[in-house]
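Q: Chains as they are written, first to last, in our numbering: chain A, 2 to 443; chain B, 2 to 443.
Calculated directly from the structure, the hints in this document are not laboratory data.
There could be a bad hint or two in this list.
Where chains are identical, the list cannot tell them apart; a pair therefore holds if satisfied intra-copy or between any two copies.
Stated by the list, open to error - Quick list of in silico lysine to aspartate or glutamate cross-link-like pairs, EDC-like style, CA-CA up to 20 Å:
1. K294 to E28
2. K259 to E29
3. K225 to E358
4. K3 to D344
The primary structure of each chain is shown beneath.
Number of protein chains: 2
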Amino acid sequence: MKPIQVGLLGMGTVGRGVWTVLARNAEEIARRAGRPIRISWVGTRTLAKAQDATHDVAGINLTRDPGEVVDRRDVDIVVELIGGVTEAREYVLRAIANRKHVITANKALLAMHGNEIFAAAQAAGVMVAFEAAVAGGVPIIKALREGLTANRIEWIAGIINGTSNFILSDMRDRGSSFATALADAQKHGYAEADPTFDIEGIDAAHKLTIMSAIAFGVPMQLDKAYTEGISQLTGEDIRYAEELGYRIKLLGITRRAKANGSEGIELRVHPTLVPERRLIANVEGVMNAILVKGDAVGPTLYYGAGAGAEPTASAVIADLVDVTRMHTADPNHRVPHLAFQPDQLSNVAFLPMGEVETSYYLRMRVLDRPGVLADITRILADGDISIEAMIQKEASEGEDRTDIILLTHRSIEKRVMAAIASIEALPTVTGRVVRIRLESLN
Amino acid sequence: MKPIQVGLLGMGTVGRGVWTVLARNAEEIARRAGRPIRISWVGTRTLAKAQDATHDVAGINLTRDPGEVVDRRDVDIVVELIGGVTEAREYVLRAIANRKHVITANKALLAMHGNEIFAAAQAAGVMVAFEAAVAGGVPIIKALREGLTANRIEWIAGIINGTSNFILSDMRDRGSSFATALADAQKHGYAEADPTFDIEGIDAAHKLTIMSAIAFGVPMQLDKAYTEGISQLTGEDIRYAEELGYRIKLLGITRRAKANGSEGIELRVHPTLVPERRLIANVEGVMNAILVKGDAVGPTLYYGAGAGAEPTASAVIADLVDVTRMHTADPNHRVPHLAFQPDQLSNVAFLPMGEVETSYYLRMRVLDRPGVLADITRILADGDISIEAMIQKEASEGEDRTDIILLTHRSIEKRVMAAIASIEALPTVTGRVVRIRLESLN
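Okay, chain A solo, but in the shape it has when bound (with noise of 0.2 Å):
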């Protein structure tokens, strides 16, 4: 059987990971997909590294110019893993108008340029693949896509950002500062020199959109996603939360929700306490997992390595395989590239932040004298924000100040910031309230 020829742009390490693992696993791989599935282009500018990776493998061609790869006539399937969005969006473009399936791991250049990259797709009747491009090697957008197709989804909330994860798990197990644990992650090679992108929350957001998308059946809408990241949390809060029966976890959130009467989606991306008796409370370290709310099938939790040379192969192999399997379909029936078809997307809209309801953890510095819980209290009550749980700690010896940390029940955010700016102006209160957000995810 005549293989199937993938040309390769990008030879990092996740190019090196599909290389591998496509060498070691070719006969298995062959026996699932029905046909070899072989490498026989390479576009790289580290020319070097791809020698040294493909060794002197017979038919395999390397170039510099990933345009010539793009442009072969005998390349079926391009897989695009050079990262970055300006190049790679130009090169998906291109290979997807020289009618090729396209494969990327890309998570930013779907957030930010995915409609016009599915459109081009669709009118090319190729297949756009990027199981690789959330959640590393675990299948989370097939289940999305396919698995779960018979239900309305309610809400998906996911640890999807593993630098974010081993951050949180060190500075819980080992009582680290935040400054510790992101030097502890950088250490390990779990996070880059400059760790923005994974600790503010942005990586997160980019897989949360696509996941939004092809849960709620909308475009792709990065810049609705509300985004704070884990750089401020303390060690004090981590704690308190526990005592709660809480741990904290940075989650993308995304959600139907209504709001004034009408329908909204929210996106979301912050850290959260959530019970420590769910499963995803109990998700240490790099990994990554996410629980998906069907009406019908009710809670579902996907885990696995989020990251990595070899999961991330895993993922793009899949879509390899899944590509073989399925290009002779229909191109107007098989599976939609955003699990609706391309003309049943809606235009759902979005909420601001301030619309949405969920539960908060809030914990302010108070002078230690009656009356000030009393004044605390009427501000939330004023603002219909109802406690559900609360703990006044002792002043130390010698102190006149201590800690009080609310849970609430459900209520608007507006409402929140607004009792909290309240709070914060009465003479009694010391400082900023800390102000987390909670999920039960029940």
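Take the given structure of chain A and dock chain B to it, following the hints.
A: Just chain B, lined up with the frame of chain A:
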């Protein structure tokens, strides 16, 4: 767009679930599938129930004869939900002979007659889909058959029987005996009046046989499964396990192994100690979870409801959407029924239980006197079985006997069984040695 016409055989719990979910989410499902999916025929012995469920929906035809449904020219896909094996097999083969795609939730049918059914489907060029046969709404078949195709699967360990997991959770949480927990499960409707199928691991063996075939590319061989249930477990062992940092779960385990230098596949269902830190150890109640270890992706886990009308319907309808999207693909290359191309199945042997290597929890009641432990450890050493941990309990006031609990390192089952026989023959040991297998799952 012309609807896909579905013929439904059986209108029991799952059948009515499929009807309800398809009706409730009709619009969203059609947006995903590209065509409406319509149940046009229902064949069921219990016509009254079907009439009740379908009300006076226009365009639906009811009959007492499932044969009439599978013979209709205007039925594109047959959904078999009548259960049992003999009749189900006949109708499925007849539907295939009529060149209809088939969807079934019938694990017993597939575990016993899957090879015959898939061969017939291949010859007729139709699809047979069975997501609902394993772990209800959890898309584990799709994950194994499509999501993890890059990997050499090393092993699978799954909680795939909700009834047993409910009973074990109940025994641990409330300290109930097996009998009380079973009665509780029956009261909640989680266990049948005759619970043998669930509690003795037979249902789990059916599901494991199916997963093993698609993970390793081998024909289904139910008769090779080793099956041991939970009815002999005592609260005492659950508590001792907990003291040692483990939970006891009924796991279905299938693994590539080496024995005497040649490759073999393990296929076994039995109570298993699992370290409490593993996510799968924390899966409670009737929920299911499957841990899959691939060589590239590492460990991945899939969790959700393993039974119930709507979760099972979720899987059946996902298959309906899959068939709708993919039936136009070249039948010789589209997703193979057993994940591997039908001419690419291998005949790796299954290992007899005696050749399996795993760890063990051993509990024995001994005379509290010098030398007893020396005799026991000598027997284990002679059998090349090394000890990982041990608890010796102080004898209770006025008692001359006490419990010894041992955890072993990985050892060959037949050696452990021989050592147990020797230990039981010691005059200082009372009664039987309790033996429960242990897996670290890392």
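Q: Going through the numbered hints above, which ones does this structure break? Give me the numbers in ascending order.
A: Going through the list in order, the structure violates no hint and respects every one.
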